[in-house]
Structures are given as structure tokens and as C-alpha cells.
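Peer 1: Quick one: dock chain against chain with the hints and give me the complex.
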Amino acid sequence: MLQIHQLHKSYPMGDSSLHVLKGIDLSVNQGEMVAIMGSSGSGKSTLLNIIGMLDEADSGEYILDGLTIKNLTEKKAAVYRNKFLGFIFQSFNLINYKTALENVALPLYYQGMKRKERLELAMFHLGKVGLADWSHHLPKELSGGQKQRVAIARALAANPKLLLADEPTGALDTNTSHEIMAFIQQLNDEGKTILMVTHEEDIANMCKRIVRLRDGVIIEDTKVNQVRAEQYV
Amino acid sequence: MRLETISMFRFLFDRDTWQEVLDSLNKNKLRSVLTMVGVWWGILLLIGLLGSARGLENSFNRLFGDYATNSVFIWGQTTSIPFRGFQEGKRVRLTLTDARKVEDNVKGVEFVLPRSQKQTSASRNFQSGNFQMAGDYPLLDNLQKKNLLTGRFLNENDIQHNKKVIVISEDVYKQLFEKGEDAIGKYIDVSGINFKVVGIFKLDTTSRGPKQDLHIPFTTFQQIYNQGDLIGSLMITGKPDFDIKQIELDTKLLLKNLNNIHPDDTRAFGSFNLGKLFERFSGFLIGMQFLTWFVGISTLIAGVFAIGNILLITVRERTKEIGVRRALGATPFEIKRQIVVEAVFITLVAGIIGIISGGWILILLNHFFGRGDTAAIVNPSVSIAIVFVALIILVILGTLIGLIPAFKATSIKPIEALREE
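Which chain is which? The protein sequence lines are A and B, in order.
Residues 1 to 233 (our numbering) are what the first sequence spells out, left to right.
Residues 1 to 421 (our numbering) are what the second sequence spells out, left to right.
Keep in mind that a hint or two might mislead.
Cut-off 25 Å, straight-line C-alpha distance, at most; resulting in silico cross-link-like pairs (SDA-like, lysine to any residue) [said to hold, decoys possible]:
(1) B:K336 / A:Q146
(2) B:K413 / A:L48
(3) A:K116 / B:F333
(4) B:K413 / A:K114
(5) A:K98 / B:E20
(6) A:K116 / B:V341
(7) B:K408 / A:V79
(8) B:K27 / A:L142
(9) A:K76 / B:L34
(10) B:K408 / A:G60
(11) B:K320 / B:D16
(12) A:K75 / B:K413
(13) A:K70 / B:R419
(14) A:K114 / A:G145
(15) A:K75 / B:T399
(16) A:K22 / A:K75
(17) B:K196 / B:Y225
(18) A:K70 / B:I415
(19) B:K27 / B:I352
(20) B:K413 / A:Q111
(21) B:K29 / B:N309
(22) A:K116 / B:D14
(23) A:K98 / B:K174
(24) B:K174 / B:S123
(25) B:K320 / A:Q146
Everything labelled a hint here was simulated from the structure, so no lab data went into it.
Chain B with its partners taken away, still in its complex shape (with noise of 0.2 Å):
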């Protein structure tokens, strides 16, 4: 047995080994070309579709990548069922208690950060502009990541003494400041009153949720517009273990009953959930993945069978080639081994350039497709496991089915295959 492990080891760093199998090839040069097709599709299917997959998958995480992805925004709106005395048509308004109570009661709540919003006019020197301005907790960056450009975001500080600060977005500089300028420090008119720039974010194009273009602390835009108690929405996220879907209905369900609305009012309460969102696609990359493996396989096993079968007429061919060699010596060992390192051979080759050619075609997609912020397909590539782990299929699939012809060359006895004309 290890004599003919080590005669099996020199076999394949045999020169002549090579110079036969090359010599056979060389022979059918179209057929060979032509059977490495199926396999190098195969593998190039595979590779680009994984590729482009993993690149969607990148663009979706860019996307949702600023924003905690177990979160809702819930706001109020107006009822749609009488209930309580109350007709249909109330409008509905959150209150700080409201937030409170959401965060003792439901569970699996982590944050519970209300926020106030409004449209409002802002301007400096002579240059104006209508923009969303909101009040907001400094949590809000853990929940939607800022992009600051310059400065910081608002801060516990800001909160306590209800400071008259602001963090605009790149729009709102262009628009109210010269090209060029240092914005910190200076101040801006909102609505009569100067508030002093402490950031600048970049507004993410490609971010879905509510915009806002101006934050000021939460404090302050209660105490500025008289809000007291009342709020504009809350966003909740929720703890990693628990499903946010579930945590929307909880909260929306304590909301209708501290509110006096119809448990089955849908109209009362407005809700963003990016965790549904995200969840469809996840589940939507999930099936492409799926779709993509069981494709890239399944045209990698046609392609595997191609060479099978063109192995196998190769092998009625040169039936009496095999004849004449037998009755040199040749030992049905040796015309098996043969066979199955050709077929072994064309799919690896087929697999190593389609390998290569699907990593330009992933080349041409990020060229094409993968410039810019709002890019459909970021960064598409395939990990070195999984170009091995076909590389690994490819010759396990190979030399299984080059034991057919391999079997059928030596199943014909050398004497019928010597009177084959």
C-alpha cells in the first residue's frame, strides 16, 4: 500500500504522465476547448453571482450602517375609530410621560428618546432657508450614527442647561455660509433667536428615515416653542435578543391605551420600523445567496458532466489506442489512472480560468456599478474559502466522473478493442 502511494506520488510529478495527458488534449484541441466551456461557465456563474450578491449585501449594510437596525420611529396622528366618548378624527399627541411609561413597561426596550420636530426658517446675514429642526438627546448618535465633518454633536451639557446650540448638515452650511468659512462658533438665526454651531454632519443620501436638517437639544426646543410636555415622535430601539416587530406592537398598544384610543385603531399611531426593513432584506439577500449557490452548482455539475461525456466518446475513441497499449503492458490500472488525471486536469483548468475570468467580471461590476455614494453594488468579491472550497468540488467532481470513461476504457477487453477499426 505505500509502495503505491509513493507510485501514485511520482506518477503526478511525472513528466510523462504530463507529456500524455497534454499529448491527448493536444490531439482534440476544439473538443477540448470546447468541453472546458460548461465548467468554466459553471464556475464563472458561481463566482460572479456570489460576488455580486456579497456586493449588494455590502451596499445594503452602507446603507442601513448608520442606523441601529432594531429600531422604530412611532408618532401620533389622528384616530380613525370613536372610543371612549371620543370621536373619530382626535388628534393624537405623545407626551414625556407617554416615553416614560414606554420605557418602564414594554419589554426589550433599550433607548426610548423622545424628539420634537418642526419646519422652520433659519438665516445668517442675508441668506435664508426653510429646513426640518429637531430636538434631540444626544443618544441620537448611537441610534443614527452622524457623519460629522467638522465640531461635535450635541452633549449632556447642552441638555441640563438647556443651551442654545445647533448641529446643521452640509446643506444648511452651503446655504447659509460663504464657501470656504469656519462655521463653529458662529451663529445662526432660527426663528428669532441665535443659536450657536457646534457641528457640521454630512446629510446620508442614501439613508432611509425621517431627515432632519437642524438638531438643537431636546431641552431647549421644549423651552424655545413652549412644548411642555408634549413630544413629536419617539424612536425606540430595542435589546439585540428581543424582535422589534413585536416591540412596535407592545408600544403602540400601551400608547392607544394611556391615550384612550381603540385597541384596533391602525390610523393613531404613524411607525418607521427600519427592523422590518431590514429584515426583508436580509431575507431578500438570504434567497439570492441561496439562488446563487444552487445555480453556480448546478451548472458546475452540468459542466462536470460535459466532460464526462465528451471523456466517455474520447474513450469509445480511442478504443483501440487503449487496445494496442494494453497489449504493451499497459495494466488497466495505469489506462484508468490515465483518464481520470485528464478529466481531473480539463476541470481544474476550466475552474482556475473561470476563477480568474469571474474576478474580472467582479472587476467590471465595481467599475460599472460600484462608484459613488449611492453605488448599487459596493465592494462585489468572493472569499479565498469559497474560490478553494470550489477549487476542492471541482476536483472531487472531476475525478468522479472520470472514472466512467475510465471504467468503460478498460471494461472492453483489449482483444475487441485491438479489432475495432
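Same shape as in the complex, but just chain A (with noise of 0.2 Å):
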């Protein structure tokens, strides 16, 4: 599903320069759902912002689904994101103007899809986070759980082959966490690859597999045994 092979990014400071990630290898496989783990400063957010294509490594080898992603044009990498990833942002980043079922059906309208369709498309993934009967409120009008339900939604509206969470639960309260994770857990039993960066362990455990990163390079990948969440809740 995903390869990265000698990873090397770094970010000029001054005169010199930082030196984020120095080669990193990581492979994962479909179905998997993998947490990034690391404390500030450790690379996690670069690496998963050049898994995410909004971010450019400065070399190694990096290939999603059998495709080489290297050199892209931003054109091309806005299609590619569109296609194959599907973001989850530790602020939600609704667009505030917009209603939830508006938000849920936007990556569909950068994929050209016709109004009727989409919205459709979108009122069904709503549906599935249990947000339905919400589609037409603003996100002013949500909790932060919902927020996120919604953003989990749009997420998954273009059925992406990746999703990409960064600190999903990093704004809420520990139990709309839970409650959170264990969506993302049931994603995941259904199929989806799932790769998130947290530095919280509890949340860490409820993935499959922990990656910990320290001054650019991995340290230590372990498969765990997932802790469910649906217990908490």
C-alpha cells in the first residue's frame, strides 16, 4: 500500500538548516492502522504531511498504491490528493460558511462531480457518522465531537485508499476522544488504511501498530494489541 524508502527532508533556518527527518524507512500495508508517535520536534507532522503530498521530501523513494509520487506540480498533486487521501485535522478546519452536508460534499466538488450527485453522496456519509439529521447546521452550531463526525464524513466522501489524522482527538475532551477513535476504529475493521500521528498513549494503543520517532529516525515499530474504545464509551 505505501513505501518510503530513505526518507531525507530538512528545512533551511538562517545560514543553516534543520534537519526534520533523516531517513526514514516505513512500509504499510492495506488494512492497516498505524500511529505515529513522537514528541514535538520529532518529524511525525513532516512525515505525514509528505505521506499527504503537502509536503515534499528532499529524497528517498516514496510510493503510494504502486505510484511513485515524486516531483509533483501542484496540479497534479491536487488531483492525487483528492483521489487517494482523505485528511482528518486536529481542528476539525470546516469551512465556517458552509453547512456540514456543504463541507461533507466539497472534495466531490473538486472532483467534478454534478450537484445532485454529491450532495446525495454526501447526505449518505453524514448517515454514517450519524450526523444526518445535522446536514443543513453550521459548524458554529456543533460540538467539537460533531465537528470532527463532520470531518471524518468529508473525509471519506471521495473514498480515499488512505486516511491521514493528524492528532484527530487532539482538540476534544476524553471521551468524545474515545468516542471518536472507536469511529476510526470501525473504519478501519471495514477496511480503510488508517495513519494518524498522536503523542497520547492511550490513543496510540487503540491503533494496530506504533511507530516512535526521535530526532528523525525511527526508533521503534511495534505491533500492539488493539485496545478497543467502544469499552470506554
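Peer 2: Encoded structure:
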């Protein structure tokens, strides 16, 4: 599903440069649920951004579903992101003047889908996250957990191969976090490949595999016994 | 390329496109409105000023409309420089010979009309009054269009047979006749001689130039008052391609030569040059139109820049949103297109509102200043062509100015845009 080989990335910092990723090797199979852990500055977010094609590596190889991702134009990157990837952000990043339904339909709009089809499909996904009744509410009328569920529905709308989550529970209280995690686990059970960045141990333990980063290198890569989130809900 | 054109076309007629534009404008209602004010004001100024300029032009044209504008009146006064044995202060009288010589020798002359005039009393039954009377040729009607209310002007027959006919102004009619009385064919008494009224004309109160209340045939005038060869004044019209100022100079020089007057004597002949006056007014009008375009276009450009500026701020504020959209798969082109359409839309809406309110201003101007014969502004209006040109300029400027924030929006990498708080 995803192969990364000797990935390097550094950011220029004035005269010198900051070497953030120092040769990452990572391979993720279809249906896995991986947590990327590490303290701040360990390079975990940079890695996720490169996987998300929001950022580009200086050197190394990145193959997504058999496709080498290298030297993409902005336009191509946009098309790939739309087709292959679903993003879930810590701060939800819903567009605040659009209703929940329109937010979910947005990736489909950029796919060029007709309005009617698009809204139907978006409604279906909103239903899946249990927010069908809230479809015409604006983000500000929703709770944090609801917003994140809308964001998940949006990430799922275009039926991506890979779901990328950047601290998906970072802005939520414990209860809601567990609710969201239970939901993400359920998606994984259905076969979605999920990659998430987190710094919370208990959240990481709800994944099936933990990759630990420190100072730009992987220091540990272990399979774990998944803790089911439903039991806390 | 063809596919792109089709997709662009579809884009413009897509409900979602306009939904997006309206959503983002709606989000910032006050700012959208304030943004529009600049362009609205610019267009309003342009339409208002151009319309008023046109109104002034119309009113000038009406003022001069009854006169051939390339004409000059010349009459004799008294000399101010002694010459060839004549002392200064000599009375100068023009003669028919002078008129013929001018007609034959001055380049560019079309007509030369001699005229004699005097102040006289006119009476009918028990009513009487004092009026300016002129002996004229029928050709006067070509030169100084008489607005006839009834009857006719003088004709060749009157001239040839020294007929005692008279054309009177409306004022004279009001003084000498009863209200509603038919004056044509009736006689009035002018210095003891009966004249038959053949026409009544409306005295144009806005007209410049010598004013006459009574017109009788030139030949009759000369005979009755025993003028012989002497005439009061000359009216000269120039051919279209000739400069009336030059004709005036040439004529005066010739007349000085014929009448033993020093060439530098500026007081010997008086003149009234309509062409000179008209030129000054048209110069003023052209200047005003130039100023109008200059002010209007500058204001417009300033207004469009304000739109660009505010869109730039908006884009800055929406950096994160744009980052999200790009993460969800919006291409840079799609983002740019959206912003440019927003810019053009705001400019156009503001422009159209400006044109409409400019039209209202012109209606108000017409209502308050455009009524009556002495109106300062006549039919202030702007041609449809100018409105279209203004709209096209707006669309072009809107597109150009929209490109700046559009490129700004996509110059930030989506990753940086997402990081923005």
C-alpha cells in the first residue's frame, strides 16, 4: 500500500538548515492502522505531510499504491490528494460558512461531480457518522465531537485509499476522544488503511501498530494489541 | 484547450460557482458593501459628469443653434488714429460698395449681407412703442434662423419691389395687438408709413448678438430713410473650411483701406464674432469632457484597486480555508479562478449600481436645471456605447486586479496555509 525508503527532509533555518527527517524507512499494508508517535520536533508531522503530498521530501522514495510520488506539480498533487487521501485535522478545519452537508460534499465538488449526486453521496456519509439530522447546520452550531465526525465524513466522501489523521483527538475531551476513536476503529475494521499522528499513549494503543520517532529517525516500530475504544464509551 | 474552454464555460454557468461567490461575499457583508463603494462612486462620477457635460454641450448648441457659428458682424464706429489728412474721431460709415468689395476680395467669404438699422416708433390704433428696426435681406434667415410663429419671413419679391411689408417679433405683437388677434395682413404704422405684417417670430431670449424687433426689406429701408449707399452693418459668413477670425481680420483691413483708415486703428470698426465665441465655448466643452474622463477613470481605477486591496486582505484571512480546500483536492487554477470571479463579480455589480444611480442623478439634474428655455443643462445623457465601454473596462480591470490576490492565494503552500492559525 505504502512504501517509504530513505526519506530525508530538512528546512532552511537562516544560514544553517534543520534536518527534520534523517532517512525514514516505512512500509504500511492495506488495512493497517498505524500511530506515529514522538515528542514535538521529532518529525512526525513532517512525515505525515509528506505522505499527504502537502510537502515534498528532499530525497528518498515514496510509493503510494504502486505510484511513485515525486516532483508533482501543484495541480497533479491536488488531483492525487483528492483521489487517494482523506485528511482529518486536529482543529477540524471545516469551512465555517458552509453547512455540514456542503463541507462533506466539497471534495466531491473538486472531483467535478454533479451537484445532486454530490449532495446525495455527502448525505450518505453524514448518515454513516450519525449526523444526518445535522446536515444543514453550520459548524458553529455543532459540538467538537460532531465537528470531527463531519470532518471524518468529509475525509471519507471521496472514498480515499488512505486516511491521514493529524492528532484527530487533540482538541477533544477524553469521552469524545474515545467516541471518535471508536469510530475510526470501526472504519479500520471495514478495511480502511489509517495513519495517525498522536502524542497520547492511550490513543496510540487503540491502533494496531505504533511507530515511534525521535530526532528524525524511527526508533521503534511495534505491533500492539488493539485496545477497543467502545468499552470506554 | 477546447476542453478547457468548455469547462470554463460550464464553470461560469454552474450554480455552485455563484453559490461559492455569494457565500464568501455573504460572509463579509459589510466589507463587500464597502468594497463596492469605491467602484460605485467612480462610475457614478463618470456617468454624472459625462452626462452633465453633454447637457451643457446641448445647451450651448441650442444657444448657438439659431446662428451660423462661422459668422461675424462688422459695423463702423469712429477712428482713433489720424490718417491721410483725416483727423481722429472721424465717423466711419460702411457703404454698399464696401459690401460688394468684401464679397469679391476677401477669401473664404460665403455671404455678405448689408443691413441698416435704426430705433423707431411703431404704432397701431392707440397702442405704440419704440423698437429696433432693421432693413434686411431674406438670406438673413439662413444666417440667423428666425423662429417664425406664423406667416413668413422677407422674400426676394419684397426686396425687388421695395415692398412695405414687415416681420415683427412676438413682443411687438403683444404691444400692438389684442390678445388672440390675427396680425397677418394687418397694417402697423412705422414712422408715419403703413407696413403690412407678413410674419411674427419668437425672439430667442438666450440668443447672443444684436437684437431686432422689426425686419423690413433692405431696399425699402434705404428708400424710406434716404440712405442711398450707406449701410449700418455687414454680416459675413465664412465658408466651412475657412477660419472666421482670419476673415474678420482680412475684411477689416480691406475696409480700412477703402475708407482711408490707419491699418492699426482698432476702434474704427466694431465687430461681433460668433465663431470666436463658439470656439471658446467648444474649447471649454472639450476641456470639460477631458477632465470628466480623467477624473472618472482615475476614480474608477482607485476603486478597482480598493477592491483588489480588500480581496488581498480577504485572501489573507482565508489562507487557512484555502489550505483546506487544496488539501481536499482544489487545484491552484480552481482557487485562482474563484477569486478572479469574485473580483469581477463585485466590480460589475458595483459598476451596474453606479450606472443606475448615475442615471438617477442625471434625471434629477434634468428635473432641477433642465426645464425651460433658459435651462443651463439640456437633456443631460450618456450614450449606451459609453456605458458598455465603461462596463468592459470594469470587467478587464476587475480581472486584472483579481489576479493579484489570486496569485497571492496560491503562492502559499497548502502545508503553510494549514498551519496558519
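Peer 1: Output the numbers, in ascending order, of every earlier hint that fails for this structure.
Peer 2: Result: hints 1, 4, 9, 10, 14, 16, 23 break, sorted rising.
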